[in-house]
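S.K.: What follows is each chain in one-letter form.
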Amino acid sequence: MKKVLGLVSVLFMFVLSACGAATLEGDQAADNGEVEEKTPEEITIGLSISTLNNPFFGDLQRGVVEAAEGSGSTVRSVDAQDDTATQINGIDDLIQQGVDILLINPVDSDAITPAIEAANSAGIPVITLDRSSEGGDVLTFIASDNVEGGEMAAEFIIDLVGEDASVVQLEGVPGASATNERGEGFRNVADERLNVLESQSANFNRSEGLTVMENILQSYSDIDAVFAQNDEMALGALESLEAAGMTDVIVVGFDGNDDALDEIEAGRLDATIAQQPNEMGRIAVDTVYEYFAGGAVEDEIAAPLELITAE
Amino acid sequence: MEAKNTAIIKKKERRSDLYRKLGPLIALIVLMAIVTVMNVNFIQPNNLLNLLRQVSVNALIAFGMTFVIITGGIDLSVGSTLALSSALTAGIIAAGVPSVIAIAAGLLMGAFLGMINGLLITKGNVAPFIGTLATMTIYRGLTLVYTQGNPITGFGGGFAFQFFGRGYLFGIPFPVIITTVAFAALFVILHKMTFGRKTFAIGGNEQAAYIAGIKSDRVKTMVYAISGMMAALSGLILTSRLNSAQPTAGTAYELDAIAAVVIGGTSLAGGKGRLVGTLIGALIIGTLNNGLNLLGISSFYQQVVRGVVIIIAVLLDRKK
Chain A
1 MKKVLGLVSV
11 LFMFVLSACG
21 AATLEGDQAA
31 DNGEVEEKTP
41 EEITIGLSIS
51 TLNNPFFGDL
61 QRGVVEAAEG
71 SGSTVRSVDA
81 QDDTATQING
91 IDDLIQQGVD
101 ILLINPVDSD
111 AITPAIEAAN
121 SAGIPVITLD
131 RSSEGGDVLT
141 FIASDNVEGG
151 EMAAEFIIDL
161 VGEDASVVQL
171 EGVPGASATN
181 ERGEGFRNVA
191 DERLNVLESQ
201 SANFNRSEGL
211 TVMENILQSY
221 SDIDAVFAQN
231 DEMALGALES
241 LEAAGMTDVI
251 VVGFDGNDDA
261 LDEIEAGRLD
271 ATIAQQPNEM
281 GRIAVDTVYE
291 YFAGGAVEDE
301 IAAPLELITA
311 E
Chain B
1 MEAKNTAIIK
11 KKERRSDLYR
21 KLGPLIALIV
31 LMAIVTVMNV
41 NFIQPNNLLN
51 LLRQVSVNAL
61 IAFGMTFVII
71 TGGIDLSVGS
81 TLALSSALTA
91 GIIAAGVPSV
101 IAIAAGLLMG
111 AFLGMINGLL
121 ITKGNVAPFI
131 GTLATMTIYR
141 GLTLVYTQGN
151 PITGFGGGFA
161 FQFFGRGYLF
171 GIPFPVIITT
181 VAFAALFVIL
191 HKMTFGRKTF
201 AIGGNEQAAY
211 IAGIKSDRVK
221 TMVYAISGMM
231 AALSGLILTS
241 RLNSAQPTAG
251 TAYELDAIAA
261 VVIGGTSLAG
271 GKGRLVGTLI
281 GALIIGTLNN
291 GLNLLGISSF
301 YQQVVRGVVI
311 IIAVLLDRKK
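So the protein lines, in turn, are chains A and B. If you're matching positions, the first sequence starts at 1 in UniProt numbering and goes up one per residue. If you're matching positions, the second sequence starts at 1 in UniProt numbering and goes up one per residue.
You may find that some hints are simply not true.
[To be verified] If you want a taste of the chain A side facing chain B, the calculated C-beta under 7 Å gives, among others:
| no. | residue |
| --- | --- |
| 1 | Ala22 |
| 2 | Ala85 |
| 3 | Thr140 |
| 4 | Arg206 |
No lab work stands behind these hints, which were simulated from the structure alone. Even for Gly, the Cβ is constructed at its ideal location relative to N, Cα and C.
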């Protein structure tokens, strides 16, 4: 009975779709011909940010707005407040306003797909920022080069304490792209030139950074340096090292958040590999102009990182 | 003299009744006019359909919430119910169950979760605010346990499930059609059937309703089941639209739904309310979200504006 019902409804849908009465969002192919060349003054950029409650993304938005408005473009931005549904609605609203291009910083790489497909079928090009999209056609994806950042951290440690120094790595959430890429970069250098005692996950979390580091200190007393894949874990590790009286251990974080910068200023944290969301936004706007000038755009663009130390 | 007085009172009552009915509608029209003047794009058919589709998620939850609030209760668990039933539906589709059956199972799941709320409140004698506050965190927690904190994606679901949230029938978004049908059905239940009359009676005076022979426990339990089912329905639309069941979906949706109900003139004290008002309330909130986006106003201000509109609505309701 249920099967028959299912079959009937599927048939019903099929007939309707055959008549063209029932269609799916994003079904229509876009008339994706030549790029219509535009000057910056003629361009309206639609910007969808995952959440403005996180300073990182606030800086990203400011980067886009300052760069674009400085060149005479218009920016319309919507905030998804970390909710995937809100993000899709906001992007729909931007499409309705007929923006020329969309800069999207997805809340979730999977759930953003329908919104990108909707933009595709409206013929609006899309650039994703910081997080990629699993589906739909994207012009380019702009993010920090995490692999390079991991390498920078390892090089910095070698510069300070020499080759074959004993190091500990605190990893982020297992499986997260940032964890994989930062770890890969670190290993690229460290496998050959450093002695990695231990590599454990502390889930990008400050209090876990503290406890994981405490546990590691139970088994190793001779540590030269710690690389944490984000600043939060680095700050946690710093506390446990200090409690153990090991203040001479080099600690390197990643991200460049405000707490970390303060600790570097205070001389407790040795360095952080800072992401530059502002710069990421500026690069995005430059890419938009290049696209509308008829230039070629690469599939992925790396935003630069910066090693910040006490000097 | 006496007769004259009652006549005046009646006249006043009628006027306030008219006001209650027309107030939200006038507010909606004024709001739409203002947004149109500031950005003509707003009134274009494409944007209006877009707006209606955006509204459907909140409207469906708010319809169920209207029943609950008319009984003098509240349902804070709708957002979590939405998330849990969506995750389970996505899970069974991923396991290979045909989407039509999965959709039915999802709706029943929502009704079941709502029924638990109802039983807690009637049999357990727990205050609705506390009972649904507890189930709100329980259902959210179960969603996180079931999904292990990760969104469920790539479950496919075939054309029927995709059509649920992303389809168009004769150019009208399918969620809008679902919402229209749900509205018609619930309108008949609330305003034309004895079940609806019992719902109002319980909210007006539960003691009197009991004496009049209304099985208030049963009615209330069903009312919470309706609320749960509507939350699940709206969750299925969301899941289909996003092609992904998010463990954090529906967070704080209860607040938007309650706001829609209150703006629509339903009294939080129970016993008074109209489903049409709730529909208009949801449209007002949707127009605010869509319109403020179109006008390019920062989301920080949007939240302030939304709060101000709710206060104005309640104050107007008090004034008459």
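S.K.: Check each numbered hint from earlier against the structure, then list the numbers of those it violates in ascending order.
M.R.: Hints 3, 4 not satisfied by this model.
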